[in-house]
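These protein sequences, in sequence, are chains A and B.
Heads up: the first sequence is residues 1 to 254, going by my numbering.
Heads up: the second sequence is residues 1 to 358, going by my numbering.
To be clear, the hints were calculated from the coordinates, so they are not data collected in a lab.
Heads up, some of the hints might be wrong.
Stated by the list, open to error - Here are the simulated DSS-like pairs of lysine-lysine, each with C-alpha atoms no more than 30 Å apart in a straight line: (1) Lys93/A / Lys101/B; (2) Lys152/B / Lys58/A; (3) Lys138/A / Lys194/B; (4) Lys194/B / Lys109/A; (5) Lys58/A / Lys309/B; (6) Lys93/A / Lys152/B; (7) Lys138/A / Lys197/A; (8) Lys198/B / Lys152/B; (9) Lys309/B / Lys138/A; (10) Lys194/B / Lys58/A.
As the list claims (entries may be wrong) - Examples of chain A residues lying across from chain B (beta carbon under 8 Å, computed): (11) Lys58; (12) Asp59; (13) Ser60; (14) Val63; (15) Gln79; (16) Val97.
In this text, a Cβ means the ideal position worked out from N, Cα and C, and glycines have one as well.
The primary structure of each chain is shown beneath.
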Amino acid sequence: MTSPSALVLRGLRKSYGPVVAVDGLDLDVATGECFGLLGPNGAGKTTTIEICEGLLDKDSGDVEVLGMTWRNDARDLRQRLGIQLQDTQLTEKLTVVETLNLFRSFYRKGTPVGEVIDLVELGEKRNARIGSLSGGQKQRLAVACALVGDPELLFLDEPTTGLDPQSRRQLWRLIEEFRSTGRTILLTTHYMDEAEKLCDRVAIVDHGRVIALGTPDDLIGSIAATHPPPPPRQHAATLEDVFVAHTGRTLRDE
Amino acid sequence: MSEPRPLISRSLVQLTLVRFRDFVRQPEAVFWTFGFPVLLALGLGLAFRSRGPEQASVAVLAGNGGNAAVEQIRSALAADSTLRVQVLDDSGAVRELRTGKIALVVIPAPSPRDGSVEYMYDPQRSESRTARLVVDQALQQAAGRTDPVRVKDRTITERGSRYIDFVIPGLLGMNLMGSGIWGIGFAIVDSRSKRLLKRLMATPMSRAEFLMSFLFSRLFFLVLEVLALVGFGALVFGVPLRGPLVDLGIICLVSALAFGALGLLIASRAKTIEGVSGLMNLVMLPMWIFSGVFFSSSNFPDVVQPLIKILPLTAAIDALRANMLEGTAISGLGAEMAIVSGWLVVSFFAALRLFRWR
Numbered sequence: 001m002t003s004p005s006a007l008v009l010r011g012l013r014k015s016y017g018p019v020v021a022v023d024g025l026d027l028d029v030a031t032g033e034c035f036g037l038l039g040p041n042g043a044g045k046t047t048t049i050e051i052c053e054g055l056l057d058k059d060s061g062d063v064e065v066l067g068m069t070w071r072n073d074a075r076d077l078r079q080r081l082g083i084q085l086q087d088t089q090l091t092e093k094l095t096v097v098e099t100l101n102l103f104r105s106f107y108r109k110g111t112p113v114g115e116v117i118d119l120v121e122l123g124e125k126r127n128a129r130i131g132s133l134s135g136g137q138k139q140r141l142a143v144a145c146a147l148v149g150d151p152e153l154l155f156l157d158e159p160t161t162g163l164d165p166q167s168r169r170q171l172w173r174l175i176e177e178f179r180s181t182g183r184t185i186l187l188t189t190h191y192m193d194e195a196e197k198l199c200d201r202v203a204i205v206d207h208g209r210v211i212a213l214g215t216p217d218d219l220i221g222s223i224a225a226t227h228p229p230p231p232p233r234q235h236a237a238t239l240e241d242v243f244v245a246h247t248g249r250t251l252r253d254e
Numbered sequence: 001m002s003e004p005r006p007l008i009s010r011s012l013v014q015l016t017l018v019r020f021r022d023f024v025r026q027p028e029a030v031f032w033t034f035g036f037p038v039l040l041a042l043g044l045g046l047a048f049r050s051r052g053p054e055q056a057s058v059a060v061l062a063g064n065g066g067n068a069a070v071e072q073i074r075s076a077l078a079a080d081s082t083l084r085v086q087v088l089d090d091s092g093a094v095r096e097l098r099t100g101k102i103a104l105v106v107i108p109a110p111s112p113r114d115g116s117v118e119y120m121y122d123p124q125r126s127e128s129r130t131a132r133l134v135v136d137q138a139l140q141q142a143a144g145r146t147d148p149v150r151v152k153d154r155t156i157t158e159r160g161s162r163y164i165d166f167v168i169p170g171l172l173g174m175n176l177m178g179s180g181i182w183g184i185g186f187a188i189v190d191s192r193s194k195r196l197l198k199r200l201m202a203t204p205m206s207r208a209e210f211l212m213s214f215l216f217s218r219l220f221f222l223v224l225e226v227l228a229l230v231g232f233g234a235l236v237f238g239v240p241l242r243g244p245l246v247d248l249g250i251i252c253l254v255s256a257l258a259f260g261a262l263g264l265l266i267a268s269r270a271k272t273i274e275g276v277s278g279l280m281n282l283v284m285l286p287m288w289i290f291s292g293v294f295f296s297s298s299n300f301p302d303v304v305q306p307l308i309k310i311l312p313l314t315a316a317i318d319a320l321r322a323n324m325l326e327g328t329a330i331s332g333l334g335a336e337m338a339i340v341s342g343w344l345v346v347s348f349f350a351a352l353r354l355f356r357w358r
């Protein structure tokens with residue numbers, strides 16, 4: 001591997017009482033790659049990502065983030081990570097710009113709030129209260145909160161769940177733009193097309209272990225023998241492309 | 001490479017602004033904090049306002065002894081300004097007496113030449129016993145009795161001894177408790193249940209600054225709360241402010257911090273709004289009842305007095321009353337201030353130990 005690892009997990013374990021959530025998980029995420037953590041519900045994805053984010057304590061194993069550990073470098077690490085959690089509800093009575101000003105104030109260096117607002121295309125909503133935003137807008141704001149500290153490593157936990165195709169594609173563009181600056185992304189998703197489109201490599205996790213690892217192409221190739229190719233399709237487009245072609249790329253949150 | 005740190009960090013300002021905005025943008029919270037105590041004070045003040053000398057309502061029973069005898073008794077009683085007299089028939093008199101609308105019924109003797117009267121009243125009612133004395137004196141004097149000792153009345157009305165004077169410091173204490181415990185407890189548990197607390201933990205935010213922002217915004221609203229209630233009492237009802245105002249401010253400040261810390265402690269573990277509401281009521285209900293908000297806590301039996309005395313609200317209200325009504329300086333309120341400060345320190349450190357950030 002040419003670049004040093006952004007994230008290294010070795011023999012990671014975590015149990016909740018009798019339930020083993022993460023069971024000896026190993027993982028290497030290289031700097032500058034977009035890495036996808038896939039797996040069914042309850043596979044241990046969120047537990048793994050929250051241990052990496054320093055929000056959960058591991059039971060055993062080694063976790064190294066940006067070459068540092070949570071035990072020794074928590075303060076420094078917090079400054080350099082961008083985090084979007086699955087189910088955060090931001091304060092409804094605050095506006096978009098007030099919320100971002102708050103998050104920006106926690107970081108020593110970061111991106112100006114105005115720039116981040118433009119990046120997630122919430123310019124028209126900058127003074128709207130969060131309670132009045134649509135699901136897609138709230139999700140983009142959550143990602144904006146993760147970006148406002150200008151992080152080196154971005155954690156996105158199911159960032160596009162429940163979004164309409166326009167919002168989804170807008171977030172994809174955002175993620176690709178972030179990656180193009182040489183920074184690292186770890187994301188979880190239930191959408192395989194999303195993983196295929198965004199991720200350099202993916203790990204499929206089940207029962208708290210990595211059961212498959214590689215680039216999307218390699219993984220598809222690995223089971224090609226048992227899955228004969230479908231009859232050739234006349235078009236490379238998907239139904240979602242049709243949807244977007246008809247309804248446009250512009251974001252549709254009222 | 002470290003840039004100079006400002007005295008108050010940017011994030012503390014932002015966090016405090018968040019608390020401030022979140023509160024001001026909930027009109028119902030603003031009403032319950034500022035409007036409701038003032039309305040309550042207004043209602044209590046009007047209901048218990050001093051009306052000059054209390055008039056006792058009494059009745060003369062019609063029919064007995066003939067109209068002339070009834071009228072003679074009636075006019076003898078009407079001459080006394082502390083009595084309100086009416087003439088009622090048998091069933092009317094019994095009904096009014098039973099429902100407490102009149103205190104006593106004078107029953108003339110059946111035969112006009114007898115001259116005796118009978119008083120019907122309930123000796124358990126204090127206003128009835130008073131009416132019995134006043135009515136008897138009026139009738140005896142009208143019949144020609146002269147008193148051997150000459151008496152002159154000198155009456156005073158003391159500002160500070162009325163019910164409104166008693167209840168304004170009580171309401172102030174209750175309000176400091178309510179807004180400290182509800183205000184801080186709810187906001188924290190709400191953030192926890194919406195996973196906002198967890199999201200903030202994922203940033204470099206300082207936990208100390210997060211907790212301080214609650215205290216800072218509390219202190220700002222504290223000033224408004226105290227001004228609203230004390231100002232209202234002083235301007236509308238002339239409630240006295242006999243003690244040093246600086247001392248009153250210090251008592252309010254320490255009490256508000258103590259209740260804030262108690263709110264923090266109550267909210268340190270609770271995961272849901274329902275859970276924390278129950279806990280808050282459990283903590284506040286005994287104090288609403290025992291701490292002497294609406295009536296003096298000395299009404300409770302002696303055995304429980306030591307327990308009542310160490311409640312933070314009892315100490316806070318006692319200190320507020322002593323300052324406002326008796327003019328006691330804070331140096332004379334050592335015991336009360338020690339109790340309130342004790343609650344502040346113990347609750348705060350217990351909260352820090354128990355607090356769950358997730």
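Pairwise hint evaluation, Lys138/A against Lys309/B, where the allowed Cα distance is 30 Å at most: Violated, at roughly 50 Å.
Quick one, are Lys138/A and Lys197/A close enough, alpha carbons at most 30 Å? Holds, because 23 Å separates the two Cα atoms, which is no more than 30 Å.
Restraint outcome when Asp59/A is required to lie within 8 Å of chain B by C-beta distance: violated (17 Å)
Mind checking the CB of Val63/A against every CB in chain B and telling me if the closest is under 8 Å? Nearest chain B Cβ about 15 Å off; hint violated.
Would the hint on Gln79/A be counted as holding, given a Cβ-Cβ threshold of 8 Å to chain B? Hint holds; Gln79/A Cβ to chain B Cβ min 5 Å, cut 8 Å.
If you draw a straight line from the CA of Lys152/B to the CA of Lys58/A, is it 30 Å or shorter? Measuring from Cα to Cα gives roughly 88 Å; hence the hint is violated.
Within a Cα-Cα threshold of 30 Å, do Lys194/B and Lys58/A meet the stated pairing? At roughly 24 Å apart (the allowed maximum being 30 Å), Lys58/A and Lys194/B satisfy the hint.
For a C-alpha distance cap of 30 Å, please report whether Lys93/A and Lys152/B respect it. Violated, at roughly 67 Å.
With chain B as the partner, please determine if Ser60/A meets the hint condition of a C-beta pair closer than 8 Å. Because about 21 Å separates Ser60/A from the closest Cβ in chain B, which is outside the 8 Å limit, the hint is violated.
Status of the hint placing Lys58/A at chain B (closest C-beta pair under 8 Å): violated (15 Å)
Can the restraint linking Lys138/A and Lys194/B be considered satisfied, given a maximum Cα separation of 30 Å? With a Cα-Cα distance of about 14 Å, the restraint between Lys138/A and Lys194/B holds, given a limit of 30 Å.
Does the alpha-carbon distance linking Lys58/A and Lys309/B stay inside the 30 Å limit? At roughly 47 Å apart (the allowed maximum being 30 Å), Lys309/B and Lys58/A break the hint.
This entry does not satisfy hints 1, 2, 5, 6, 8, 9, 11, 12, 13, 14 and 16, going by the numbered hints stated previously.
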